[in-house]
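Join the two chains into one complex using the hints; note that each chain is given alone, in its own frame.
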Amino acid sequence: GNSVTQMEGPVTLSEEAFLTINCTYTATGYPSLFWYVQYPGEGLQLLLKATKADDKGSNKGFEATYRKETTSFHLEKGSVQVSDSAVYFCALRDPQGGSEKLVFGKGTKLTVNP
Amino acid sequence: KAGVTQTPRYLIKTRGQQVTLSCSPISGHRSVSWYQQTPGQGLQFLFEYFSETQRNKGNFPGRFSGRQFSNSRSEMNVSTLELGDSALYLCASSPTTTSYEQYFGPGTRLTVT
Numbered sequence: 201g202n203s204v205t206q207m208e209g210p211v212t213l214s215e216e217a218f219l220t221i222n223c224t225y226t227a228t229g230y231p232s233l234f235w236y237v238q239y240p241g242e243g244l245q246l247l248l249k250a251t252k253a254d255d256k257g258s259n260k261g262f263e264a265t266y267r268k269e270t271t272s273f274h275l276e277k278g279s280v281q282v283s284d285s286a287v288y289f290c291a292l293r294d295p296q297g298g299s300e301k302l303v304f305g306k307g308t309k310l311t312v313n314p
Numbered sequence: 520k521a522g523v524t525q526t527p528r529y530l531i532k533t534r535g536q537q538v539t540l541s542c543s544p545i546s547g548h549r550s551v552s553w554y555q556q557t558p559g560q561g562l563q564f565l566f567e568y569f570s571e572t573q574r575n576k577g578n579f580p581g582r583f584s585g586r587q588f589s590n591s592r593s594e595m596n597v598s599t600l601e602l603g604d605s606a607l608y609l610c611a612s613s614p615t616t617t618s619y620e621q622y623f624g625p626g627t628r629l630t631v632t
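Residue numbers (our numbering), protein chains in the order written: chain P, 201 to 314; chain H, 520 to 632.
Pulled out of the complex, with its shape left as it was, chain H reads as follows (with noise of 0.2 Å):
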């Protein structure tokens, strides 16, 4: 069973532009999460969706956002990037929402110049 996917892995933008980033979950995967990694706040919640659905969001302004599409698949958006937004972004899939176990995508590394 292939594992979450993230893409791009690698992004450079430049501040004040917008970003997209996917994660596609492992297949039967209904609940994505996404965390932000940086070496000064370490890991961090962002939201989670589940069937469509945003179920919890973390403390975060509003220029991240993110959806989920009918297929499981996830989005997450960031508008108007600051410096402050460079990290590693991680997505994690789950079967359900009362699971133990969260699956990891080895990131996508957004670097904002």
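So here's chain P without its partners, still in its complex pose (with noise of 0.2 Å):
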């Protein structure tokens, strides 16, 4: 079956750090790839997407290429701010199954120290 494999949390950094988060996913066909971001005591909110290989999705500074070759969405930003602490999801979508279902990842917890 579809799963997403992120990596443990969580993960600290200083203000201005660079930020990479590991995503690997094991899918039939060619799943749409999404990171969606968690605030404390939120929803989920779409952070970017990718829908099909080489694809880059981008939003807010932060940055994602779907690799089909590797299986893996990295999410990335440059320079992170107090206000990106949150918890991160990686989740993939078939689009063949005809289905909204989303399989996400276990989340990463991101805390940014000013």
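Some hints could be false.
[As the list claims (entries may be wrong)] Below, simulated DSS-like cross-link-like pairs (lysine-lysine); rule was C-alpha separation at most 30 Å, straight line:
#, chain 1, residue 1, chain 2, residue 2
1, P, K252, H, K576
2, P, K249, H, K576
3, P, K260, P, K309
4, H, K576, P, K306
5, P, K252, P, K306
6, P, K252, P, K309
7, H, K576, P, K268
8, P, K306, H, K532
No wet-lab data here; the hints were simulated from the structure.
Right, here's the structure in full:
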């Protein structure tokens, strides 16, 4: 079945540091890939997405590239801010399933210190 | 445009009771999905509805059920509550079943004592 593996957290960085959160996936066919972010006490917000190989999703300084050859979708940001502190989830959706079902990784908690 | 709303936001129930959670999708969205979030299992898919029809169901016991109304609002019900049902229940909506973006509500925090 489809699955997503994220790097274990928590991750603690200083402000302006470089961020990488690794994400790899296992799926039949060609899934769409997503990064969602969850701030304390809130639901999930879509951060970025990529729907086919070599697509790069980007938003708010975050980027991730859909790498079919390595089945990866790593999240990066060049300079994190305290306001980026949250839990980040990598997810996939198999469009061939005709379903909106998302399969999530376990999440990576990021704390950014001033 | 208003976002996805879920009611109630917090709920405390006793083992053996049943509970109904409600989700109102973004106006015009016809697809609603439900997820359970727990510290141990993470985010797990419960079910998905489109135009009042259940399109997909996750691996949960029959105590978990749901439905969708003609106005796309959805409810999920959990009967004979167990301690392990304590979780954040998230609802997500999207315009169709082929869209690439799902919009999540703030969730309902259910505590079973």
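Here is what the structure says about each hint:
Proposed proximity of K252 of chain P and K576 of chain H is supported: the alpha carbons are some 26 Å apart, at most 30 Å. Among the hinted pairs, K249 of chain P with K576 of chain H is consistent with the structure: their alpha-carbon atoms are about 24 Å apart, no more than 30 Å. The straight-line distance between the Cα atoms of K260 of chain P and K309 of chain P is roughly 18 Å, inside the 30 Å bound, and the hint therefore holds. For the proposed pair K576 of chain H and K306 of chain P, the alpha carbon gap of about 20 Å is at most 30 Å, so the pair holds.
Distance check on the hinted pair: K252 of chain P and K306 of chain P sit about 23 Å apart at the alpha-carbon level, within 30 Å; holds. Of the supplied pair hints, the one linking K252 of chain P and K309 of chain P holds, its CA atoms being roughly 27 Å apart against a limit of 30 Å. The hinted pair formed by K576 of chain H and K268 of chain P meets the criterion: a straight-line CA distance of about 28 Å does not exceed 30 Å. With a CA separation close to 27 Å, the supplied pair K306 of chain P and K532 of chain H stays within the 30 Å bound.
Hint compliance for this structure: every hint is met.
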